[in-house]
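Protein sequences, first through last, are from chains A and L.
All you need for the numbering used here is the position in the first sequence, starting with 1, plus 2.
All you need for the numbering used here is the position in the second sequence, starting with 1, plus 1074.
Here are the simulated DSSO-like cross-link-like pairs (lysine-lysine), alpha carbons at most 30 Å apart as the crow flies:
1. Lys-193(A) / Lys-159(A)
2. Lys-43(A) / Lys-1233(L)
3. Lys-132(A) / Lys-218(A)
4. Lys-385(A) / Lys-434(A)
5. Lys-280(A) / Lys-149(A)
6. Lys-367(A) / Lys-385(A)
7. Lys-1226(L) / Lys-43(A)
8. Lys-1244(L) / Lys-1225(L)
9. Lys-193(A) / Lys-149(A)
10. Lys-46(A) / Lys-1233(L)
11. Lys-218(A) / Lys-159(A)
12. Lys-1226(L) / Lys-46(A)
Calculated directly from the structure, the hints in this document are not laboratory data.
Keep in mind the model is a prediction, meaning the values are calculated, not measured.
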Amino acid sequence: MISQTVLGNEAIAIGIIENGCRVVTAYPGTPSSEILAGVIKHKKRLERDVYTEWSINEKVAFEIALAASWTGLRAAVAMKQVGLNVASDPLFSAAYTGVRGGFVIICADDPGPHSSQTEQDSRLMALVAKVPVFDPSTPAEAREMVKDAFTLSERYKIPVILRPTTRLCHAVQSLIIDGDHSSDDGIPSVKFQRDPPRWTATPKFRNLLHIELNKKLIDIADEFSDSPLNYIVEADSGGKVGIIASGVAFHTAQQALHELGVRVPILKIGTPFPLPQKLVNSFCAQFETLIVLEEPDACIEIQISDRDCVKGRLDGSIPNAGELTPEVVFSVLSKTLSETGYQVNASPEDLELAALIKGLPLPVKPPRLCPGCSHRSAFFAMKRAFGSNAIYPGDIGCYTLGTNLRAVDTFVDMGASITMANGFFQANRLVKDERPVVATIGDSTFLHSGVAPLINAVHTGARFVLLILDNHTTAMTGFQPTAANDYLADRTEAPRKVSIPDLVRACGVEYVTIADPYDQEDFIRILKEAQAHAQSPAGGIAVLIAERPCTLYDQSPILEHPVPVVITEECDGCRYCTEAFECPALVLRPDKSRVDVNYSVCVDCGQCIDACHKGFIVPKLLEISPS
Amino acid sequence: MDIKLIITGNGGQGIVFLTRLFAQTAVALGHSVMVSETHGMSQRGGSVISYLKINGDEAPLILRGTADFMIALDSNEAVRNLALLRRAGIVFVNADDGLLPEVESHLERLNIQVMSLPASSLALELGASSIANIIMAGFVVAHPALDIPMKKMTATVEKASTRNAELNLKALETGYQAGMKFFSA
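Just chain L, with the same shape it has in the complex:
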């Protein structure tokens, strides 16, 4: 496994937590990781982006045009950072129906796929808007390209949940089931 992953959204959406879930799961699988997080002023509601390399080099950031995957908790942030993806990369986005129509022709040309899940709506149905990030984690894990077993991600979420473990696991499962349905279709 050699993966470059971008995770983006807005301050307060749990980007750092989501990034740590993937990093810790990768380490539990025996891989090495290098992550770059956003801290400080930008966390006060501004754009937040993390970079995660699994078994990659030791540079904390990812060169534009080379990321394999992107997980976006906000569709505008997904568009803002699209140029980070390589050809045939995949975007997993918290949205009802894909990205802005203006970028569609380019996505097609670059063979970039967009997988949308209305994670914020699902989170509200489960009773907490704050768990959209964990729903997205389940959704992404269901995709075969990442090669992260759901069992390992479940263990990470369980360990990382200082409170509300039950709700978090439910969120993960909800995203996973949605993904299984989506990706087998």
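Bound-form chain A, shown alone:
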């Protein structure tokens, strides 16, 4: 039995497969995206018959997995924390109805946040929805917790959330993959059974289900007080201070205590809701001061009834936003422990060096669109067509980075480009703002939650230009297929694919044009034509589908027609190209005298030729070899 390096998300996937789960659905989103890929990899390795899919959105994914659970199969659904907002409707309902086969929701939180619009705490979603939540601290523990989650779900007929965080999802740990876990009992002989008071419960029965749910949670909380998922380390070290820690923060706390040179008892909580009150109360009773370390918000802390001696996110002892980095945990523990009379080591960080580095003018490198990205060309054309005199609602995906190019003015959540454009149109009409409204949304995001907003906008007579940036994949999260692709999650052929232009027409849009943003002149012409349609008395919403594959996903169009460029001697370093076009391959010299092409990242798309209005970026003449 040999250890292998396993990504946290893959460890969760292994747990899903080795515990007999039969239906797994997901919608990609950092930090959760690698879970379904891991499930597919390991179902193939163990030759298990498991249905997997990238669903069109999280609500759809949730309900497909839920139906499988109602037949009696084990099912799981994976998403990121803001995805659970989309799936919250079925979540709240399923808490009442309960489940049959084990049903586990894997919902990855993003303290920081690193790649999200909020750092909301899904453990608090679990609390409000009244479903149990597990909080793993390492990839290895997450894999084991999948088993506990399925078991608990089946025993209490209740959905269970497994809540990893970014640092766990993207941790890599050495694990033994093979072993006793790999036995397969085959597909259980189960079938969906009618149960009207449950599966079709009317409000009268919903009240009974609510009472039943509350009873389950009391029993589960009792059970959790004796569960090995919650345990105490360094119990014999005594002292006036105790720590309650959950998730990755448990190990961060141990690391900090090691550097501080002190031993402090830690109650490790693996089940933050329902909180094992008996265990927590008996632990708290032993100490004068309690420090609660959890991410990203206060879930354990708010459930502790007597918080007089508790230091945490609520009383200001710990910052009430942001990640619990090693430095934050070290400083919180250092301060509290030294105030309570402990002798602690000083911070190992050299503060003089840290201060010097902070003051250095190191170049800040915000994320940018990749060299050759067709979104850049689309945004550049938008700016050339409408300049700053337009309102640009944007959406969630790589193209959110259009904000760097001033071609994205707003982003809210998945699909909001279209609804915000709709709202701006109606508000602008009232305030007599005549600026054009030009919205952008990606192919996957449009399918996820752009279709209903588009129908709404058509039906209510809104007027704006909508660009669907179709790069043939879900690029930001690692090239997952959409419903417009001809293949499925496991790379088998899709029985059917959706045509985005047909879908747009079916929503009632009369102006639909497909164009390649690489053809700048034509693209700008169509943008202006689209805006004219949106403004004309007989017009309406104009949809322009900007079609060109992501360069990371499919380089073949560029390889077939490469346009290598050079920057002429005349370049005066005016920075127009580096700021308005912002390609990572265009680099301003440190002395700011001129711009050079970084050929190690340039992909020969030739799109920057248009980005120098002075004509200093030119095609490299192809050398003709003597025949």
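With chain A fixed as given, assemble chain L onto it according to the hints.
Quick look at chain L alone, frame taken from chain A:
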């Protein structure tokens, strides 16, 4: 062996791949590892950092002032993350000649050594800018403090190379030879 290692650079330089090479080699040697990687938005050209603990605790991140080594594919990223290193730590950097002069006196005071290798130039000489990360892997393995045998790293690179295995091994060897020359001097 108990090592805390930082690997940093910019998105697209192969930081995640380089980190996995060290992690997989450590596991092949029978050690346990805990790594933290950067995924998502920051990979689009922004600063990227990985943390690798060999036989250490299970916290994914490394406390500032405690890392033993840093491998930097970009010298600015090396400077940005210098405070992660402990006293007498070592920086291996892809650069022509060390780090910014402003930090020199502090490096001396903290007894932090800087080992520079122009890996990007060497990579271009070998014909692919993308292999600077593997050249740095060879360079670092040549240093005695890490205690990672070249043979094991070679096996990892071979296994991890889904394509261009020959070029990758050449890159590893180039970095290793440069390191052997550098560290014996």
